[in-house]
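As given, the protein sequences belong to chains A and B, one line each in that order.
Quick note on this note's numbering: the first sequence kicks off at 6 and runs consecutively.
Quick note on this note's numbering: the second sequence kicks off at 768 and runs consecutively.
Each hint should be verified, as a subset may be incorrect.
[To be verified] No farther apart than 30 Å at their CA atoms in a straight line, the calculated lysine-lysine pairs in the BS3-like style are these:
| # | chain 1 | residue 1 | chain 2 | residue 2 |
| --- | --- | --- | --- | --- |
| 1 | A | Lys-119 | B | Lys-1028 |
| 2 | B | Lys-821 | A | Lys-119 |
| 3 | A | Lys-23 | B | Lys-871 |
No lab work stands behind these hints, which were simulated from the structure alone.
Predicted model, so just to flag it, every value in this text is computed and none were measured.
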Amino acid sequence: MTASTAAAPTQTSPRRGKIRRALTADWAARITFYVAVLVGWQLLAWQVARMPAPWETLDFLFRELTGGSQGGVVTGVFWDHFLVTVQRFSIGLVVGFVIGVILGIGIGTFRFVKSLLNDIMLVFLALPAVIWAFLTVMWFGLGWEAPVYTVILASFPFVAVNVAQGVRAVSPELHDMSDAFRIPRQRRLRHLMLPAISGYLFTGLRFAVIIGWNAVLLAEWFGSTNGVGWRARFWYDAARYRGFLGWVIVFIIFIFLLDGFVMRPLQRRAFRWRRDRDGGGDGDGTELTIDNVVVMGV
Amino acid sequence: MIPAATESTVPRSAASHDWRRSAGLVIGWVGFLALWAFTSTVILDEFTLPGPAKVAAAMWEIVIEGRFADDFAASISKTFIGFGLGASIGAPVGYAMGRSRYWKAFFHDGVVGAGSIPGITYAVLALVVFGTGYLGPVIAVGLISMPFIALSVAEGVEGVDPNLVRMATAFRRSDSQISRHVMLPSIMPFVFAGVRLAFAIAWKVEALTEVFGSSNGVGFQIRFAFQSFSITNVLAWTLLFIIFMLVIERGLAVIERRIFKWRTWEQTA
Chain A
6 MTASTAAAPT QTSPRRGKIR RALTADWAAR ITFYVAVLVG WQLLAWQVAR
56 MPAPWETLDF LFRELTGGSQ GGVVTGVFWD HFLVTVQRFS IGLVVGFVIG
106 VILGIGIGTF RFVKSLLNDI MLVFLALPAV IWAFLTVMWF GLGWEAPVYT
156 VILASFPFVA VNVAQGVRAV SPELHDMSDA FRIPRQRRLR HLMLPAISGY
206 LFTGLRFAVI IGWNAVLLAE WFGSTNGVGW RARFWYDAAR YRGFLGWVIV
256 FIIFIFLLDG FVMRPLQRRA FRWRRDRDGG GDGDGTELTI DNVVVMGV
Chain B
768 MIPAATESTV PRSAASHDWR RSAGLVIGWV GFLALWAFTS TVILDEFTLP
818 GPAKVAAAMW EIVIEGRFAD DFAASISKTF IGFGLGASIG APVGYAMGRS
868 RYWKAFFHDG VVGAGSIPGI TYAVLALVVF GTGYLGPVIA VGLISMPFIA
918 LSVAEGVEGV DPNLVRMATA FRRSDSQISR HVMLPSIMPF VFAGVRLAFA
968 IAWKVEALTE VFGSSNGVGF QIRFAFQSFS ITNVLAWTLL FIIFMLVIER
1018 GLAVIERRIF KWRTWEQTA
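Extracted from the complex, chain A is given alone in its bound form (with noise of 0.2 Å):
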């Protein structure tokens, strides 16, 4: 990363101008982010004695993934714990996904389940995602059943709303149209329904990856034996915080490459069709909003 910046000036013309306009893109200032960003916690690093340096850490990575011992205590089982949590965390996710959907659908068609469950989901959505890892510990014990029922638990509430919003979201005019002209059941399945709600349903999906990725950190941090969770807390109860910190990255960066990569590309493709009526990008649900960025599970 540094070095692209450096770059950057050398390769194109001396020209102040063009230095100047290449500094200011769009990805150079990112880049720019990215490096104030190391800066900080390198100067964090130096002033506070706990905290790891960026060096200290990438170097714990790279020996947790690829072996040798830190501490006395043998490494290297990076895919181990990695696809332990990968597990626990699709099975909760697909789980509640479909209770979420489920329940969505009911709220959004009929009116009387609305008013039933409304008040109830905006309890299950104030509830932080520790209090389900708490509860599901102490019912389940340390094992796989903890972190999987978080997951669940945590995650259906954001669907459900979500799925919910898209059902009513589906115009009730080109449905009396379809009526009139005698449109099949399943076409409008296809071309009425389906694109309507679409885009609230990866809406949905991508709060619940969001919001089940920290539940099931959480569970396995206070009763998993195994998992990424554990193995942070491993490394923090040793007071070994450069692998503490190590595991946090590994939290950070897992979900911002399945949220950039995967579910913002899939909320804009499902909501594209919104552009065209709104014009110009606006409507697509991904722009840079409050609404479309704050999800934050806690």
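Based on these hints, arrange chain B on the given structure of chain A.
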């Protein structure tokens, strides 16, 4: 995002509608409590899942003994200080993002990322850097609320109608008059929406940070209940937490509606 838009859309049979809605609400709650009581007594047992009555008794005890007031006061003071810190940094950042393309690109990944980073990250990092004192939760709250405030301020600044500004300049209004009467009124609704959302998130992160390391506050009490294996107390503290959160949320919504009453014409148009 801005409420009060839905209220004007129900001209037909509002009375029967209201009646059915409140009936559903009551049945929903009664059904939920009944299901909870049934599960705790018949399917499971009172220890695994304490019934609503037992949890309510524990909540009452917490409030009566004054622990509720003490720990909520501690949590709230941390939340407010952290929130103020986050807002005082986030607002200028948001202003820069709204005004300049460069700063928007610069902060883009940070602001987008802040919403997807697991909350556990903030909690444990605050613990490592600041230990178990007062400062950890404060800084965690500041870090989490900053991007949301920035984003809402940026949205508001971008939403200012340039024609209005041009007109004000044409009529030779001073800069301070423009910012006071043109900029501020159109930025404020966005800021308020952002504040409400950021506060809900900040409050949860504050409790989470206390769960990981603190010596007082709601999160600490929940952690204590967990470690003493008291499911009743975990549920009691959690419900108090949620009630408190929803009351604050509703209160902010009421204030918001009152402040932005003048804006309703814009909603109906």
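Consistency of the hints with the structure:
1. A:Lys-119 x B:Lys-1028: holds (28 Å)
2. B:Lys-821 x A:Lys-119: holds (29 Å)
3. A:Lys-23 x B:Lys-871: Distance of about 20 Å is within 30 Å: holds.
Consistency with the previously given hints is maintained throughout, with no hint failing.
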